[in-house]
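Engineer: Each chain, written out:
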Amino acid sequence: MNPALAERETAGAAGVMENVYLPKAAVLDRVVDEIHEVKTFYWHFEDAAEQAAFRRFRPGQFAQVSLFGVGEFPTSLPPSPTEEETFFTVRQVGSCTAALHGLKAGDKFAVRGPYGNGFPMEEYRGKNLVFVAGGIGLIPLRSAIVYAMAKRGEYGRIQIFHGAKTPSELMYVPNLREWERTPGVECHLTVDRASRDRAGGEEWTGNVGVVGSLFKKPGVTVPVENTIAFVCGPPIMFRFVIKDLLGMGFEERNIVSTLERYMKCGVGKCGHCCIGVAYVCVDGPVFTYEQIKNLGEDI
Amino acid sequence: MKARIVSREDAPKIVDLLRERGYEVIAPFGGRGRDTFFEPVTDENRGRIQIHLPNPDYPPKRYVFPPMERLLKVERRDGELRIEPTYDEKKRAIFGIRSCDVAGIYHLDRFYLGREFADIYYEKHRRNLFLVNVACTDAEMDIGENCFCMCTDTGPAAREHFDLQLFDLGVDGRGGELMAVAGTEAGEALFTSAIFKKAARAHLERRRVILEEVRKRFKPTTTSWFSAAIQAVSRGEIPDETWDEIGNRCLECGGCTYVCPACTCFTVTDRAVEGEGVERLRVWDSCALSGFTRMAGGFNPRRAVHDRRNRRFFRKLAHYFIERELSMACVGCGRCVAVCHGDVGMPSVVEMIRRQTAQRKEV
Numbered sequence: 001m002n003p004a005l006a007e008r009e010t011a012g013a014a015g016v017m018e019n020v021y022l023p024k025a026a027v028l029d030r031v032v033d034e035i036h037e038v039k040t041f042y043w044h045f046e047d048a049a050e051q052a053a054f055r056r057f058r059p060g061q062f063a064q065v066s067l068f069g070v071g072e073f074p075t076s077l078p079p080s081p082t083e084e085e086t087f088f089t090v091r092q093v094g095s096c097t098a099a100l101h102g103l104k105a106g107d108k109f110a111v112r113g114p115y116g117n118g119f120p121m122e123e124y125r126g127k128n129l130v131f132v133a134g135g136i137g138l139i140p141l142r143s144a145i146v147y148a149m150a151k152r153g154e155y156g157r158i159q160i161f162h163g164a165k166t167p168s169e170l171m172y173v174p175n176l177r178e179w180e181r182t183p184g185v186e187c188h189l190t191v192d193r194a195s196r197d198r199a200g201g202e203e204w205t206g207n208v209g210v211v212g213s214l215f216k217k218p219g220v221t222v223p224v225e226n227t228i229a230f231v232c233g234p235p236i237m238f239r240f241v242i243k244d245l246l247g248m249g250f251e252e253r254n255i256v257s258t259l260e261r262y263m264k265c266g267v268g269k270c271g272h273c274c275i276g277v278a279y280v281c282v283d284g285p286v287f288t289y290e291q292i293k294n295l296g297e298d299i
Numbered sequence: 001m002k003a004r005i006v007s008r009e010d011a012p013k014i015v016d017l018l019r020e021r022g023y024e025v026i027a028p029f030g031g032r033g034r035d036t037f038f039e040p041v042t043d044e045n046r047g048r049i050q051i052h053l054p055n056p057d058y059p060p061k062r063y064v065f066p067p068m069e070r071l072l073k074v075e076r077r078d079g080e081l082r083i084e085p086t087y088d089e090k091k092r093a094i095f096g097i098r099s100c101d102v103a104g105i106y107h108l109d110r111f112y113l114g115r116e117f118a119d120i121y122y123e124k125h126r127r128n129l130f131l132v133n134v135a136c137t138d139a140e141m142d143i144g145e146n147c148f149c150m151c152t153d154t155g156p157a158a159r160e161h162f163d164l165q166l167f168d169l170g171v172d173g174r175g176g177e178l179m180a181v182a183g184t185e186a187g188e189a190l191f192t193s194a195i196f197k198k199a200a201r202a203h204l205e206r207r208r209v210i211l212e213e214v215r216k217r218f219k220p221t222t223t224s225w226f227s228a229a230i231q232a233v234s235r236g237e238i239p240d241e242t243w244d245e246i247g248n249r250c251l252e253c254g255g256c257t258y259v260c261p262a263c264t265c266f267t268v269t270d271r272a273v274e275g276e277g278v279e280r281l282r283v284w285d286s287c288a289l290s291g292f293t294r295m296a297g298g299f300n301p302r303r304a305v306h307d308r309r310n311r312r313f314f315r316k317l318a319h320y321f322i323e324r325e326l327s328m329a330c331v332g333c334g335r336c337v338a339v340c341h342g343d344v345g346m347p348s349v350v351e352m353i354r355r356q357t358a359q360r361k362e363v
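Chains E and G, in that order, are what the protein sequence lines are.
Start counting the first sequence at 1; every next residue gets the next number (our numbering).
Start counting the second sequence at 1; every next residue gets the next number (our numbering).
Treat the hints as calculated values from the structure; they're not laboratory data.
Using N, Cα and C, we set each Cβ at its ideal position, and we do this for glycine too.
Please note that the accuracy of each hint is not assured.
[Said to hold, decoys possible] Residues of chain E clear of chain G, computed beta-carbon distances all greater than 12 Å:
(1) ILE35
(2) GLY94
(3) GLY126
(4) ALA150
(5) GLY153
(6) ASN207
(7) LYS216
(8) GLU225
(9) GLU252
(10) ARG261
(11) GLY271
(12) ALA278
[Stated by the list, open to error] Calculated lysine-lysine pairs in the DSS-like style (CA-CA distance at most 25 Å, straight line):
(13) G:LYS73 x E:LYS108
(14) G:LYS124 x E:LYS24
(15) E:LYS127 x E:LYS216
(16) E:LYS39 x E:LYS108
(17) G:LYS73 x E:LYS104
(18) E:LYS293 x E:LYS127
(19) E:LYS24 x G:LYS73
(20) E:LYS127 x E:LYS39
(21) G:LYS91 x G:LYS124
The shape of chain E in the complex, shown without the other chains (with noise of 0.2 Å):
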């Protein structure tokens, strides 16, 4: 027997192998609009241990969801390990998220995870966080936020910069507002554009221009040394705010992100996200600046 078979073969000993590929069946709570084709998915894996198990999962891990007779798909987990129930916020572009999209409270569909490296969390203890997040950028960065703050003593200071399109575009908003009147937690929200979209009319007082904008506001102090940037949205904002970053003083490999890719298996066998020498589902999602930069691709 070859050595491959035979790791397995002690391995098997101790107990049955497992099928990676097989997900388990989920149900979903409740549906919540977010922005504009993007909904928060409430669920709850139907085995009770299955759910014990998989809340455990680490910030900026991923998980595969299931939507039997049209595929399966790759997400965030916008929860953090720290709050009770686990969701997905998920935009609808192709025919799995529509899928989803159609779901009612109480339909099943199935879920296998959680995958990926997800932040080092541990290894940040101490450190300054500083979260930037684009548009639904923010999705992959909520579970890293939410977590830091449930272990507040154990981070330096922590700041969140968030930007989207237009005022009904800003994610999460109650978590935001949130996140603003929370004491020593700075949040910094900002449009491209002001229009008077929101649901209730309300007028835009706040910030006008990209993200980067912010880093410049006066009264913004942007800690440099002993600090960590997370970095999240779309190509062209991540492209621009990595330059600001590295202005400022940045290491690159104090910046991290995480990445999106096509996926089949989220297991290191399907292919599909490997760029460089890297696979996307076990070797990241999470990677530094430093590690994207050397990969050769698009990002």
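Please arrange chain G on chain E, whose structure you already have, making use of the hints.
Structural biologist: Below, chain G without anything else, positioned relative to chain E:
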């Protein structure tokens, strides 16, 4: 390793021994012309089994990694989701698998079983698979135009990873004896049959002489530059123009990946089955195809064809992956050479890389 001698007439009886033990035996059979195909042995075709014949263009990897395989069966009953994995646990033996393909299966073992997550579907096929390797000793039949196992060190006679190896001690298919070497306990267990006789020191000596002679019968190729290509790829020294040229020649048919015994990529798709709900299938996929990395919404991080070709050869030649899998994803079978309309099979690419990096260094 235990060695025995089996007569030419008795060699096909190994197939019978395996069938008696409950194996479905797969063997290459000649078709019209030079084409050969792996087919299950039946009572009808049992008499047509040959020891020497050209290696089939379609690799035997489908017996451990089928082109299309059901992973799950899903039924909705009374509002409940029933998700059931389905496994193929058939006992199979491949009689006459060539050394390059033995190395191919070993690479798949490393990839599917030897990393962070093990693939249970692969494991079930593999655990039930028995390999009877035939060493390539017939220059006319076994060694093709495109064979380059000499350069990947995977042939003409595999040194490991088979259950049983047959080595023809005759000359060009004549002479009465073959040496049988057991590579595993399962292989050795067959030696209880009376068809296997004791081997003498002279047999081993003859095997060595024949092997030495066979090595000289390979077509002279330039692919001995493999190590240079691995170095250049691993160090990122390949000029963009080289990838451009490879990309320009690639017709994006995906043929090289489908005939490759060491390519592993797949996609997953759901299909409705009448009256039975839904089944989830995995299907071979190819990095040569433009939609391979396209995400929902249309964004494709890998756009140009030379990016995709870069991907395939980087994956196969970079030291990083060889180290990660402890085996190289090219086994020198030459099938990509035979199938490629643009002449960007592995040996050509290795040669282009060597030539162009060397030229650049001279400048």
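Engineer: Take the hints in turn and mark each one as holding or not.
Structural biologist: Status of each hint after checking the structure:
1. In this structure ILE35 of chain E is separated from chain G by more than 12 Å, as the shortest Cβ-Cβ distance comes to about 16 Å.
2. At the 12 Å boundary, the C-beta of GLY94 of chain E falls inside the reach of chain G, the nearest C-beta of that chain being 3 Å off.
3. With a least beta-carbon separation of about 30 Å from chain G, GLY126 of chain E lies farther than 12 Å from that chain, consistent with its non-interface assignment.
4. For ALA150 of chain E, the non-interface assignment is confirmed: its Cβ lies about 29 Å from the closest Cβ of chain G, beyond the 12 Å cut-off.
5. The Cβ of GLY153 of chain E lies farther than 12 Å from every Cβ of chain G, with a closest approach of about 33 Å, so its non-interface assignment holds.
6. With a minimum CB-CB distance of about 28 Å to chain G, ASN207 of chain E clears the 12 Å threshold, and the non-interface call stands.
7. The beta carbon of LYS216 of chain E is kept farther than 12 Å from every beta carbon of chain G, the shortest such distance being approximately 30 Å.
8. At the 12 Å boundary, the C-beta of GLU225 of chain E stays outside the reach of chain G, the nearest C-beta of that chain being 33 Å off.
9. Every Cβ of chain G is farther than 12 Å from the Cβ of GLU252 of chain E; the closest lies at roughly 18 Å, confirming the non-interface assignment.
10. For ARG261 of chain E, the non-interface assignment is contradicted: its Cβ lies about 7 Å from the closest Cβ of chain G, within the 12 Å cut-off.
11. For GLY271 of chain E, the condition that its CB be more than 12 Å from all CB atoms of chain G is violated, with the nearest at approximately 3 Å.
12. The non-interface label for ALA278 of chain E is inconsistent with chain G: the shortest C-beta to C-beta separation is roughly 10 Å, within 12 Å.
13. For the hint pairing LYS73 of chain G with LYS108 of chain E, the CA-to-CA distance comes to about 16 Å; that is within 25 Å, so the pair holds.
14. Only pairs whose Cα atoms come within 25 Å are accepted, and LYS124 of chain G paired with LYS24 of chain E is accepted, the gap being roughly 21 Å.
15. With a C-alpha separation of about 22 Å, the suggested pairing of LYS127 of chain E with LYS216 of chain E holds against the 25 Å cut-off.
16. Between LYS39 of chain E and LYS108 of chain E the alpha-carbon distance is near 17 Å, which keeps this suggested pair within the 25 Å criterion.
17. Of the supplied pair hints, the one linking LYS73 of chain G and LYS104 of chain E holds, its CA atoms being roughly 23 Å apart against a limit of 25 Å.
18. A distance of roughly 23 Å separates the Cα atoms of LYS293 of chain E and LYS127 of chain E; the hinted pair therefore holds under the 25 Å criterion.
19. Proposed proximity of LYS24 of chain E and LYS73 of chain G is supported: the alpha carbons are some 13 Å apart, at most 25 Å.
20. Between LYS127 of chain E and LYS39 of chain E the CA atoms are separated by roughly 32 Å; this puts the pair beyond 25 Å, and the hint is violated.
21. For the hint linking LYS91 of chain G to LYS124 of chain G, the alpha-carbon distance of about 9 Å falls within 25 Å, and the restraint holds.
Hints 2, 10, 11, 12, 20 from the earlier list are contradicted by this structure; the remaining hints agree with it.
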